[in-house]
Amino acid sequence: MLINACSGKPDDAPYSSSDGVESSEGNVAGGTGESDSAGTTGSSYEPDESTTGGSSATTGQASGPETTSDGSSDCDESCTAGVQPPVQECDIVAQDCLEGEKCTPYASDGGPFWDGTMCVPVQPDAVPPGEPCHTLDGPTSGHDNCDGESMCFHVDPDTLEGVCVEFCYGEQYPFECSDPLAQCHWANDGVLAVCLTDCDPMEQDCGEGQGCYPKGDTFGCDYDDSNGQGVGKPCTLHKECPVGMFCAPGMYAPACQAEACCAEFCDPNGDSSECWGSNEGVTCMPLDQLEDGYEPGVGVCGAP
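Each residue of the sequence shown is one higher than the one before, starting from 79 at the first, in my numbering.
Hints are computed from structural coordinates only; laboratory data are not their basis.
Mixed in with the good hints there might be a few duds.
[Said to hold, decoys possible] Computed spacing ranges between beta-carbons, pair by pair:
| id | residue 1 | residue 2 | range |
| --- | --- | --- | --- |
| 1 | Q335 | E254 | 38 to 46 Å |
| 2 | E358 | P252 | 39 to 47 Å |
| 3 | G178 | G306 | 44 to 52 Å |
| 4 | Q335 | S256 | 41 to 49 Å |
| 5 | Q367 | E281 | 44 to 52 Å |
| 6 | D215 | E358 | 41 to 49 Å |
None of the values given here were measured: they were computed from a predicted structure.
A virtual CB, placed ideally from N, CA and C, is assigned to each residue, including glycine.
With the hints as extra help, turn the sequences into a complete structure.
Pasting the structure below:
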């Protein structure tokens with residue numbers, strides 16, 4: 079999600095499809111899931127645990143029933159041939175859809191960020207949270223094979239495969255999760271509310287091909303979509319930086335000529351010489367002293 083230019087913390091809560099969290103905390107992009115962009119606390123360059131509100135929309139272009147040569151319709155008033163039904167908005171926490179359906183986020187414009195909610199049928203072969211899953215027609219389409227209590231998250235944009243994550247539940251914020259190790263990530267103005275397990279950016283303890291990236295005021299796993307990016311390279315989403323890095327505000331990212339660039343995680347109690355550019359003044363700066371919300375023990379290799 080997009081971050082505020084004067085504040086710095088990425089907030090990946092897709093959220094976007096890949097996240098994506100790319101979280102976009104702000105707006106989260108799909109596939110990852112949580113937001114995944116650099117920005118203020120609770121938001122990131124990519125949409126978050128990423129925050130624009132959704133609006134109702136129709137899918138496709140509506141067209142009326144065919145008419146006869148005399149201009150009259152050969153359908154009665156109940157005929158819906160050729161007409162796409164409007165999208166029914168819903169509440170992802172309340173799960174207020176009809177029986178056999180679930181309320182799920184989707185991208186109304188087919189883009190990478192979840193910006194609306196809709197009711198969709200739960201598939202007959204639906205799988206529960208924690209199980210591998212796949213989406214149909216893209217990471218942010220809203221259609222997947224997860225059960226009525228979950229959605230397909232951390233979706234690989236190429237294979238459209240991910241893992242089912244539980245929707246948050248409860249009467250009021252902060253919402254709850256059934257897994258005691260998970261936290262509710264509420265993003266995109268309530269379009270996204272999913273239970274995600276935190277990771278350790280210093281250990282990078284995520285699965286193969288994934289990195290531990292900022293997700294609001296915590297950290298979560300997302301697919302590495304860096305494609306050769308490195309320190310100082312411009313970015314908008316955390317996952318656009320290699321494992322061990324994140325999309326940091328340009329004001330302290332080394333060698334950065336953009337609003338945000340890739341920077342390394344580091345141990346603020348360790349040796350700053352391990353930072354790239356340490357011979358030019360780059361040092362390990364504690365994140366909790368730069369941005370509100372971060373726990374002590376995690377730093378960024380930056381230029382003071």
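Comparing the hints with the structure gives:
1. Between Q335 and E254 the C-beta distance comes to about 43 Å, which sits within the given range of 38 to 46 Å.
2. As the Cβ distance of E358 to P252 is approximately 43 Å, the hint placing it in 39 to 47 Å holds.
3. Checked against the given bound of 44 to 52 Å, the beta carbons of G178 and G306, roughly 45 Å apart, stay inside it.
4. Restraint check, Q335 to S256: a C-beta distance of roughly 46 Å satisfies the suggested window 41 to 49 Å.
5. Between Q367 and E281 the Cβ separation comes to about 21 Å, which falls outside the hinted range of 44 to 52 Å.
6. Here the CB-CB span from D215 to E358 is close to 48 Å, well matched to the stated 41 to 49 Å.
Comparing the model with each numbered hint stated earlier shows that hint 5 is the single one that does not hold.
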